[in-house]
Structures are given as structure tokens and as C-alpha cells.
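What follows is each chain in one-letter form.
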Amino acid sequence: MVAGYLVLDELGPGRQLIRITTGERAGTELVLIAGYLPGVPRLADLVGEEVAPIDADGVAERLLLSLLDRQQRAEWDALGTFCVETPWGRVRLGRLYDIAFKPSGGGGLRLCVVPDDHLSLPLCDIWANLLLVLRGDPAQFFRVANWQREGERWHVGPVPLDQLNRVG
Amino acid sequence: MGTMRILDSSGDTAVAWELDDLEAVRAAEEQFSRLVTRERRMAFARPAGTAAGDSELIRAFDPTAEEIIMMRAIQGG
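Chains V and Y, in that order, give the protein sequences.
First residue of the first sequence? That's 0 in numbering that gives the first Met the number 0, and the numbers climb one at a time after it.
First residue of the second sequence? That's 0 in numbering that gives the first Met the number 0, and the numbers climb one at a time after it.
Chain Y extracted, bound-state conformation:
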């Protein structure tokens, strides 16, 4: 099962899919694209539970990723 965690005011909201559930995969991919293009989110994939050093910046939705974390764009404060 893959999970996409979208950072928000509740901590994060999880979107999950099974590889054989094409509808769930498509819905997750659409949400991924929307977040990247409209909200300029940055996506990091990692094997579930591993430290940030094992994460990888991804530009396209990967349904085989165990966990995708959708970060917000950053700016100077």
C-alpha cells in the first residue's frame, strides 16, 4: 500500500492506495499533480519510516512509493 501525506494544519492528511486499485491510484495521482502544479508543493518519497537521508525528491507521482510526503514551497521569512 502507498500513502501520500499532505502537510496541513492537522499535522498531515493521509491519502492511501493499493496498487491494484486503479481508481485509488488515479485519484492519488491527480491530487499529487494538483498539489505540485497549483500549490508548488515539493514531493519526497521514502521507504516508510526511514530517516530523511533516505528520502528522494520526486517530480512525478510514483504509485510504487511506500510513502510520499507533500511539503510546501519555501520562502525567505
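So that you can see chain V by itself, here it is in the shape it has in the complex:
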């Protein structure tokens, strides 16, 4: 049995603040020191089993990949971005704070939308989060999105969808 832990902070050379995430000691936070120090218990001794760090980025990427369809996955593999179709146009996810939006009526905008406390999430979780919102509640996505036309200043959401998709 291998217990998991999460690195919360790098405290300096050979020292990490970690949180044990599985087993009876789950939730315990402690400082992990590289190497062996006489008199200091090993983490495995504290937990009672062998331990290994959690690959948060790997976990998040596996979730994201499972949510992508074949076309999106090919785009992700080739470009590191992927498109999501919405009732108002196409959104391209994959660049933080710089989401491209091509309205059905033409033109283009840059959008900025993030999950709450997004800096605490692995990057792929951010894209999984936004992908699902775009699928399940796209109006909410555009309601909160800050937006910018090329060469103009940023505007606070909502995105003016009716105006953008009005055929002139």
C-alpha cells in the first residue's frame, strides 16, 4: 500500500511542507526533510506505510483527456488548445487569461474566465472546469467573462452576445 501526499510549499533546499492525503493520517500537514536525520522519524514510519507524492498535473490531465472528444483531443495533442462550440460561437481553451472567442456573426474577442481560486488548481483542471461549464451552462460562461476586442481595452462581463451575433 502506498499512501499519497501533496506538496503544499517548497520551504528551501530539501524541505517541503506537505499534506498527507490518504490513510489514517489524512489531512496532517508536516515538513518533509530530504535525507536521514538521526532522531527524526521517517514519513513512512509516521504514516505506517510507504508514501509517494501525488502527481496532481497527471491526475488533472487524465480527467481532461477523458472529457475531450476525438477532434478536441487531436487539437490538444497538436496545439495544446482545443475548441468548444457554443450556441453563440466557438471558444478556444488552452491559454490562461487569453481565451479566443469567434462569434457566429463574425469577428473575434479575447476572453478571460477562470474558476474560483484557480491558482490552487492544476492547469488541466482549469480547462476541464471551463469545458464543462461551456457544455452545461454556456450562458453563465459568457455572463461572467471579461472581454476585449483587438486593440481595445478590457471590458467587464457579460459579453454582448446579441450585439456580436447581429447580422449586419
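Hints in this document: simulated from the structure, not taken from any laboratory.
Hints are not guaranteed to be accurate.
To be verified - Heads up, incomplete: computed chain Y residues facing chain V, CB under 10 Å, no partners named:
hint, residue
1, 4
2, 8
3, 40
4, 43
5, 45
6, 51
7, 59
8, 61
All residues carry an ideal CB built from backbone N, CA and C; glycine is no exception.
For this one, chain V is given, so just place chain Y on it according to the hints.
Relative to the frame of chain V, chain Y by itself:
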């Protein structure tokens, strides 16, 4: 078996239940309600492993769902 995946700094944390384990179902439902009401999380149910196009936004805990993914609320960045 149903699984609820809660996005967090470790990627996600999984909460699992069997339909005939009423205590586990109740615990998962309580956690679902807490996440939706206190943290404004959005919940999506999907048959396990299927693409986002097959997911469904849900407002109430569904113990028969194969997988529920608890997303965070979103905001302009």
C-alpha cells in the same frame, strides 16, 4: 458504484459509494450539498469515461450517477 470527483490542488479527490450502502450514499449527498451551497460548486454527471458532450449539469445529488464531477464556480479573470 458511483463516484464524485471534487477538483482540488491534488487534481481531484474521489468520494465513492455503493447504492446499497446507505451511509456512504448519505455522506456523499451531504458533501454534495455542502459543496453546492457553501462553495457554489457546479455539478456535472456523466457516464464514467465519456466526453464532456455527454455530461449533464445537475442541481441535486443523483446516487445513480456513475460519475459526478464537482467544478468550481467561475468568474471573470
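Each hint tested on the structure:
A distance limit of 10 Å between C-beta atoms decides the matter here; for residue 4 of chain Y the minimum to chain V is near 7 Å, and the interface restraint holds. Look at residue 8 of chain Y: its Cβ gets to within about 5 Å of chain V, closer than 10 Å, so that hint holds up. Because the closest C-beta pair between residue 40 of chain Y and chain V is about 9 Å apart, less than 10 Å, the hint holds. Interface hint at residue 43 of chain Y: satisfied, since its Cβ lies 5 Å from the closest Cβ of chain V, which is below the 10 Å cut-off.
Because the beta carbon of residue 45 of chain Y sits about 8 Å from the nearest beta carbon in chain V, less than 10 Å, this interface hint is met. At a threshold of 10 Å, the smallest CB-CB gap from residue 51 of chain Y to chain V is about 4 Å, leaving the interface hint in force. Nearest Cβ of chain V to the Cβ of residue 59 of chain Y: about 14 Å, over the 10 Å cut. The hint is violated. Hint status for residue 61 of chain Y relative to chain V: violated, with the closest Cβ pair at about 14 Å, above 10 Å.
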